[in-house]
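Novice: Chains P, A, F and Y, in that order, give the protein sequences. Residues 1 to 356 in the numbering used here are what the first sequence spells out, letter by letter. Residues 1 to 356 in the numbering used here are what the second sequence spells out, letter by letter. Residues 1 to 356 in the numbering used here are what the third sequence spells out, letter by letter. Residues 1 to 356 in the numbering used here are what the fourth sequence spells out, letter by letter.
Do not take every clue at face value.
It does not matter which identical chain is meant; a pair holds if it fits inside one copy or across any two.
Within a straight-line C-alpha distance of at most 30 Å, the following computed BS3-like cross-link-like pairs (lysine-lysine) qualify [said to hold, decoys possible]:
no. : residue 1 : residue 2
1   : Lys325    : Lys191
2   : Lys273    : Lys191
3   : Lys166    : Lys86
4   : Lys270    : Lys86
5   : Lys187    : Lys273
6   : Lys8      : Lys148
7   : Lys99     : Lys143
Read the hints as simulated data drawn from the structure, not as lab findings.
The lines below spell out each chain.
Number of protein chains: 4
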Amino acid sequence: MSSNTIGKIFSFTTWGESHGKAIGCVVDGTPSNIPLIEKDLQKYLDKRRPGQSKYTTQRSESDHVEILSGVFNGLTTGHPISLIVKNRDQRSKDYNDIKDIFRPGHADYTYWAKYGIRDYRGGGRSSARETAMRVAAGGIARKVLEHKLNNVFKITGALVQVGESKINYEKWDDKFIEKNDFFCPDKNILKTWEKMIVSARKNGSSLGAIIEIRCKGMPVGLGEPVYDKLDADLAKAMMSINAVKGVEIGNGFKSVMETGVSNIDEMRIKNGKPEFLSNNNGGILGGISTGQDIIVRFCVKPTSSILTPRKTLNTDLKEIEISTKGRHDPCVGIRAVPVGEAMMATTLADHCLRYI
Amino acid sequence: MSSNTIGKIFSFTTWGESHGKAIGCVVDGTPSNIPLIEKDLQKYLDKRRPGQSKYTTQRSESDHVEILSGVFNGLTTGHPISLIVKNRDQRSKDYNDIKDIFRPGHADYTYWAKYGIRDYRGGGRSSARETAMRVAAGGIARKVLEHKLNNVFKITGALVQVGESKINYEKWDDKFIEKNDFFCPDKNILKTWEKMIVSARKNGSSLGAIIEIRCKGMPVGLGEPVYDKLDADLAKAMMSINAVKGVEIGNGFKSVMETGVSNIDEMRIKNGKPEFLSNNNGGILGGISTGQDIIVRFCVKPTSSILTPRKTLNTDLKEIEISTKGRHDPCVGIRAVPVGEAMMATTLADHCLRYI
Amino acid sequence: MSSNTIGKIFSFTTWGESHGKAIGCVVDGTPSNIPLIEKDLQKYLDKRRPGQSKYTTQRSESDHVEILSGVFNGLTTGHPISLIVKNRDQRSKDYNDIKDIFRPGHADYTYWAKYGIRDYRGGGRSSARETAMRVAAGGIARKVLEHKLNNVFKITGALVQVGESKINYEKWDDKFIEKNDFFCPDKNILKTWEKMIVSARKNGSSLGAIIEIRCKGMPVGLGEPVYDKLDADLAKAMMSINAVKGVEIGNGFKSVMETGVSNIDEMRIKNGKPEFLSNNNGGILGGISTGQDIIVRFCVKPTSSILTPRKTLNTDLKEIEISTKGRHDPCVGIRAVPVGEAMMATTLADHCLRYI
Amino acid sequence: MSSNTIGKIFSFTTWGESHGKAIGCVVDGTPSNIPLIEKDLQKYLDKRRPGQSKYTTQRSESDHVEILSGVFNGLTTGHPISLIVKNRDQRSKDYNDIKDIFRPGHADYTYWAKYGIRDYRGGGRSSARETAMRVAAGGIARKVLEHKLNNVFKITGALVQVGESKINYEKWDDKFIEKNDFFCPDKNILKTWEKMIVSARKNGSSLGAIIEIRCKGMPVGLGEPVYDKLDADLAKAMMSINAVKGVEIGNGFKSVMETGVSNIDEMRIKNGKPEFLSNNNGGILGGISTGQDIIVRFCVKPTSSILTPRKTLNTDLKEIEISTKGRHDPCVGIRAVPVGEAMMATTLADHCLRYI
């Protein structure tokens, strides 16, 4: 019952600190005889990797993933797949300034209070660097889903809101998402976001964001009531990502504004098959997938590492102020997109293998 | 890894269908020598029980809980506590009309598709009746927390929004909550809500709601990164409740509108102890409790059982319409309040016992 | 991770004390649409039930099992199956004498030391009465195996040694097992055992025994290396039965007397299929079933409740002597046979559902 | 619920194949602030390491363990500890001969049948090489036990039988164990064993063995009835070791020869504390430690890799004979001693942390 493990049939355990020797994960429950090479995973890591645009942190991580076990002659063996990413950019002296300081908004104080020890180098275990391994595990999860579902699914993550600026859902363009640094699906809003982020950085501040993850092509029947409901497991998966403060399914909080009459997804037959006339429930009813698109949204709070001085304490419980220098994302929501996609993939793979 | 079990150290497993012989749960992980009698649990069941006001279903359930094991001479023994509530009001003929019909918005279709069998009596296992046992388990969880924390905590649940009508947080009054049928903390809005609900019922429709659960008095240090974070476990616990479509912690989705500067909870020393100047993070940082109030909100969609006819299918996949008669809550959010409190209690008890 | 739960996919949780209101269990993971009625389980409970012959305890328990959930119209629903057996013969005053005394050889002292509370009525939770629910869960497990394997398996338990008296394996007769009170497979030894047991009781003593459980008809492939190996899970299942002190697979400890040459199970082709020329490994290699008979043996120590006075302590840590009166089995090994069969069934059902 | 993970609070997950790039494990649940360096683990790996005497395989593995995470400035952080041992001696061409052959007595056939893929290099995942990581995890477990118990415990493993030759328990000498290549506690029998093993190798055969693991200094109270009993968990832990076919606690199978009168461990007071007058139950009653020495024995079958030709099949299901050349232990029981010690340590550490 390791708290660093998630999933029951398809499960993975991550390890490693922001500035340790390496980070890694062990993925268990992958069926045998699935083709798998490092390139299959590397492309997702590359998507999450920092230092790719001026809108994300300039910290340079090559994030090269290596498969150490569980694959033989290019095929999975059914045994644990060990993945490792060596840390190259370990400028831990960057962190000497904050060695004894609790960065407010971060986990520094709570980790110190709970564990009585402080790995000050970039947050240690609490760093979002851990999410690189989620992305790698997500790559394996996609291979599992392809294997079980004959390749007919698609997971799409996008940024749908930055600060107060929301996309126009009418303008959603899947192809555009891959062409911009923000995973933005709405061409018209991109410029606004660019300005907002540059301006936030200039002002020594940061912005929050909302990410939407959709999955097309899942069958009806995934999810195990009453506690391992698909939505319950997705909520846990997304809320476990750094800086996430809210998760919703389908209409989510907006459904409170609806009435029973308007919110119910009515059913009809189309081409001989059951069809829903709307998807207010985000593809999940009673904790089980309906066969529609599965839709999850989560919000990421504004980055807590900012230049503007903030009041805090040090480990001697002295009152001080901190201004976080260094290479930080003014909006961590951007890099949360591939992480959310990965958690969608791993949660679905787990339930796909549980639904025999 | 039963999907009907939640919790790792303090865990419970529920069983039973809406109109079966009984519902029940087995609670494991309770330390020994804690005083426990049925009355300790009955008071929470009474709070959730339907048929108490004109704003909730008129179905009459006495919901008398019985302790079958794990307690000897009024003290817990450290062994599993088996609880049972016999079903008295089993008018299952009420359900003959919908025997072959998928009630839209409910789990009828997904359960049928997944399990290939249909317990049509009030939703069977998918019924919110199951939550009675969560409330009972929550009662034991509170005893565990009292035992570990010397009685200094308080869990308060309240309805903070019905349809589009929100409370004024400035007017929050803990004592008023217990004095009204809505668990409403704002005296001024009560009348409005009464009218809205009566009107929704009259119109053959229903309303959604937002519930807020706060817990005062938890120590710093609860929560196990990186996957059993306190917020991740709360998200799963709340999202597993029937009809819930969103969960947020502290400022939640509103934090997206903030900037790093405004959203960070700064720290100072007060009376020699670390103190936060705000609680935008809802008492959780990095997945670990900060010692502040823990604040969770979740939304409940409008009840799907409504009088207005809706398009749906039957088990022969014929297109039909359904108008749900019978005794249903026009706003299930009301009765979700004690359930949310219970899930807060069980999640905290689990983490309290894990944090050695 | 309840310690009163066993199994991962097919799992069950037992609850209840020897002289409480009832004992019961919740079985989760049963696929839907399997025919199940109480009679299917009752026959196994009847086999374990005490008071059936002069060789077992005269305590009279009707052990009537009731299904409370998870079955609708005679078919499993895929949801938790709650089973209950009400305790009728609760003569707890029988236990007033030993209220404050640690019965030596029993769990009285360790339970008291661990939990700081003492349910003196027949051992409370530590009583072998709990095994009645294992037997009931075993009945469901058999239905699961029939469902998955098209009915072609057979589990046979037998007593193969009482005290120093072993059966002659050459004389093994499956049919004879069901015709005698000892589950003895060797007609020639029965009389000897009868005399030994009557004599042990007369002498105020008791005897140990060895039980063998065989399962025919399992496919190759059950078992999940490297920790949930089939033999590892069987070892845990059997060792968790009251009074068991040893478990072995196939040749077990005897294999130490063999050499590599004699102990290897050679392979040949028979009727176009792989065949083993011997079964020294008890049908398990590398933790995975080979398709041969699965063979497990476990030993049960001599009953600790005996008339001969033994030195012990009471809860005030005073030195005293105890002579256990009352209705006790002179050889608990007999009634352990159906319990071992049940644990074989539940372990196989769990692995059968895991091997997709 | 990874099947490559064992333990609930203190748990570890191993990965890696005999001739892959590396083997490793992730240990979770270690409390923070425990001093830990690689040398603490290396000493146990050195004890298990092959190539140390003429009585074990001459394969040379340096087995250098590296800590990749979870330790900061020489102290555990409370986060997962990732350990890796790189494989140096990967002469996989040694295995070309057996590429398509099921080595009888090994897991080759069952792995192939279950997974449909064959990592023929030294057994792949089924190789006993995996046990190196158990030994490493055991080193961390010992640090956890020291930390919780103030250093007052001692785990001693020894070989007590080789083939038919048993030690004389009267001659048991703890200090002698460390001075010989067999972990033999009885000076008088050593020569006999040396001859037996040399002779077995010469004859192209191999020998089985019995290993005994004792632990002094554990408190009363470890073990969680009714399924996570200490003896049940030890049975699973030991039976999961390669080639083990039987496990027993205390008197084990010998207790069947005793009577209730002789087998009960009577109690008295000594120096004001409860004391047992014997330890037939091996320090465990009702699944909970008694405070006495915990005693477990397990048997290891004769090595299946032998020079004498044995009948078997290849992957085309053709009948062939195999004679296993290469560097193999004539008695794998010797190297099983440190592995058994490690599994004792990890099981105790898990229960020690569970018993709050």
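Novice: Which numbered hints turn out to be false for this structure?
Specialist: 2, 3, 4 and 5
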